Amino acid sequence: MCLAVPVRVTELLPDQMAKISLDGVSKTVSVALVDELRVGDYVILHVGFALSKIDPEEAERTLSLIREIAGPDS
Amino acid sequence: MKYVDEFRDGELARGVAEALARIVRLDRDYRFMEFCGGHTHAISRYGLEDLLPSNVRMIHGPGCPVCVLPIGRIDAAIRLAKLPKVTLCTYADLMRVPASGGASLMKAKADGADIRMVYSTLDALRVAEAEPDREVVFFAIGFETTTPPTALAVRRAIEKKLDNFSIFCNHVLTPAAMRAILGDRGGVEIDGFVGPSHVSAVIGLRPYGFVAEDFGKPLVVAGFEPLDVMQAIVMLVRQLNEGRCDVENQYGRAVVSEGNKKAQAEMADIFELRETFEWRGLGCVPASALRLRDAYAAFDAERRFAIETPSAKDNPACECGAILRGAKRPHDCKLFGTVCTPETPMGSCMVSSEGACAAQWTYRRFDARAA
Amino acid sequence: MSTIKAYRRKLDLLGRVDLSHGAGGRAMAQLIAEIFHKALDNDWLRRGNDQSVFEVGAGRMAMTTDAFVVSPLFFPGGDIGSLAVHGTVNDIAMSGAQPLYLSASFIIEEGFSLADLARIAESMGAAARETGVPVITGDTKVVERGKADGVFISTAGVGVVPDGLDLSGDKARAGDIVLISGSIGDHGVAIMSKRENLEFDCEIRSDSAALHGLVANMVAAAGASLRLMRDPTRGGLAATLNEIAQQSRVGFRLDDAAIPVKPEVAAACELLGLDPLNVANEGKLVAVAAPEAASAILDAMRAHPLGRDSAIIGTAVEDERRFVQLKSSFGGSRIVDWLAGEQLPRIC
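Here the protein sequences come in this chain order: S, R and A. Counting in this note's numbering, the first sequence runs from 1 upward without gaps. Counting in this note's numbering, the second sequence runs from 1 upward without gaps. Counting in this note's numbering, the third sequence runs from 1 upward without gaps.
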């Protein structure tokens, strides 16, 4: 639940913080809850904390499944 | 916005809606509860109910931490904010929730209480560091998505040796609430759940096992975007048609089955279960909420300021309770749209933008079908 | 014996406004001369009277009043000074009138930085010169510390309405088209990006601008087919369309895909849980016009630098409940409501 947004990690900072960007808007947030982050990774951001890393392959898999359900014309 | 726009594709949505219309059996109804308020909001905002076949009905669940917070706890927060030297930091969602006697945090602020809206617990910590002569209390609410940030705030406060920071803890637990709803004999019949996106990113899939095993209902964890919700509905319909009853994960890009272990560890370290906790609408639910462990008593505002939170009565005509359980719909409440509107909310379902009543009023009150 | 010339030390701009600057004495006169008259300079102000006199032609005049209390005072794309000029000029322009003159009164908090005051006055002066609408009379008051948030500016504006033009919020009719002059939400997001506790970095600048030139083009292209114009300031496009729906007793049906929103504005709103439809604009207008004039008006708007991203976003419909409804890219519909109070960021 809760308002959370996928954002891109643009810089790793000391003290378990990081700079993230969403379409040109950037913010400094905590990444204390997510391990092994690299610049370029996407995370789910909620109230100033990254909660999990987005898996690009899974994202693509989900989209493919949706496209399949939607049918050949979509 | 990557990982957002693709899942808001209107053409794909129409395709999925058509597929759904082909998949549903015509000899039955399908009633699904979307537990999470964020899903309620997405469904209303995108008019998803317009795309569903007429025998598929969405029931809005109580996954809105603002909605389920009992009046007595808001009263307590207002009392805290009025104590000398206290600065109450809160998420903006809580500012307009009606408390006893027509009070609210917004009105208390107008009366002079030092109440500050923050985006993150980190901001509250910053206030505590910058203003050492203020007693900073963070009004913590939320399900398991919002709990780890509170845990980390306590951790940071310890590291920075802050002695003027505490938490007024109202964190609640999703599986316990689901259990209360499923066990409610007087409640509406639910055929399956759309499970919360980001709570699940934290707790994983295992805690939902009882829904399938003990109650025989399927549950599909869905992503946050409208296409995610639609795909989850397709998955639920398929399960019911095939006589299956499993916990499935539609939100694979952000949810793994074991969840976020680090976040779980932080929560387990800082918090423990309350024996029971009063929920607006659900009454007292055992093992459904958290408080700070004794080791962290200094950071627990309830102990620090000896705050009592007696139960306070809701407006008797307010049907928030039944609505939160899915037993009634907003139009069933006599106050809906007359006395109770987002401008003059009587109950919390109308204040929070994802409460069932606010969502219905704000986005869908033209829809007579919902009545 | 030679006369010793009286020497008056210039205002020290490193200093602060104090109560003597509002007391009506020499200190106040010096403040007015060195800060306001210097920045706003024109024939009227040079005459130094409490009122200014101007010729009136025949016909109808439009008058408006406005107050500016924006915080922070300085933001990307403007400040309270330029905003005061643009906002007042726009209110006049929305009637189709040509704006002529402005007045400005300043309520300044004791302790306010003189350098900042000078900066605001300069900005106001530059905006006035650029728009061709001078500030011809003004007033200054200083209040005790804590009684004003830095500085408040209250304005009035007057203009002349062309013959035959009678725009009004109650003139929308079922079948009319709705146009917007560009992207929504820019100003509100620019302001919020500077607010404490919501800090985020972005390149979004306020869209604060004077729209009378754009309006003149629209009136020239299709004045007879225009029903009304309004600038969607506080409360955003949602508030404005709901106001008009009530006044005109119609409903509106909008197309989500047609409403221009800059990606950064959409992103900032996403992060804070806000809807761009509820976010303030200070350099945009909404117009309602007869459908046959749609392309003429749209072309005229797009030909103007402040209207490049203009778009037709919906239509007025019969609706006794006066709902403003938005069709999503999903084909589903929802209501666009005007908010109970100020929009607050949310976590849920």
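I should point out that these hints are in silico values taken from the structure, not numbers from a laboratory. What you are looking at is a predicted structure, and each value in this text was computed from that prediction instead of being measured. There may be inaccurate statements among the hints.
Unchecked claim - Simulated DEER-style distance windows between Cβ atoms: (1) A:A258 / R:A298: 51 to 61 Å; (2) A:L19 / R:A103: 49 to 59 Å; (3) A:R249 / S:V39: 51 to 61 Å; (4) A:P263 / S:R61: 25 to 35 Å; (5) A:A257 / R:D163: 33 to 43 Å; (6) S:E11 / A:A115: 27 to 37 Å; (7) A:Q247 / R:A110: 47 to 57 Å; (8) S:R38 / A:L19: 52 to 62 Å; (9) R:D5 / S:V39: 40 to 50 Å; (10) A:A115 / R:D133: 27 to 37 Å; (11) A:R249 / R:A110: 50 to 60 Å; (12) A:Q247 / S:E60: 47 to 57 Å.
Claimed, not checked - Non-contacting residues of chain R with respect to chain A, defined by C-beta distances greater than 12 Å in every case (computed): (13) A19; (14) E189; (15) R206; (16) G216; (17) M230; (18) E278; (19) C284; (20) A312; (21) T362; (22) R365.
Ideal Cβ placement from N, Cα and C applies to all residues, glycine included.
Structure-based check of each hint:
1. A:A258 / R:A298: 51 to 61 Å: 56 Å, holds
2. A:L19 / R:A103: 49 to 59 Å: Once the Cβ atoms are compared, 38 Å apart, the range 49 to 59 Å for A103 of chain R and L19 of chain A is violated.
3. A:R249 / S:V39: 51 to 61 Å: 56 Å, holds
4. A:P263 / S:R61: 25 to 35 Å: 26 Å, holds
5. A:A257 / R:D163: 33 to 43 Å: 54 Å, violated
6. S:E11 / A:A115: 27 to 37 Å: With a Cβ separation near 34 Å, E11 of chain S and A115 of chain A satisfy 27 to 37 Å, so the hint holds.
7. A:Q247 / R:A110: 47 to 57 Å: 30 Å, violated
8. S:R38 / A:L19: 52 to 62 Å: 59 Å, holds
9. R:D5 / S:V39: 40 to 50 Å: For V39 of chain S against D5 of chain R, whose Cβ atoms are near 22 Å apart, the range 40 to 50 Å is violated.
10. A:A115 / R:D133: 27 to 37 Å: Given about 31 Å between the Cβ atoms, the range holds.
11. A:R249 / R:A110: 50 to 60 Å: Taking Cβ atoms as reference, R249 of chain A and A110 of chain R lie about 35 Å apart, which means the hint is violated.
12. A:Q247 / S:E60: 47 to 57 Å: Given a distance of about 50 Å, which is inside 47 to 57 Å, the answer is holds.
13. A19: A19 of chain R is indeed farther than 12 Å from all Cβ atoms of chain A, at 15 Å.
14. E189: 26 Å, holds
15. R206: 25 Å, holds
16. G216: 30 Å, holds
17. M230: 9 Å, violated
18. E278: 20 Å, holds
19. C284: 23 Å, holds
20. A312: 22 Å, holds
21. T362: 5 Å, violated
22. R365: 6 Å, violated
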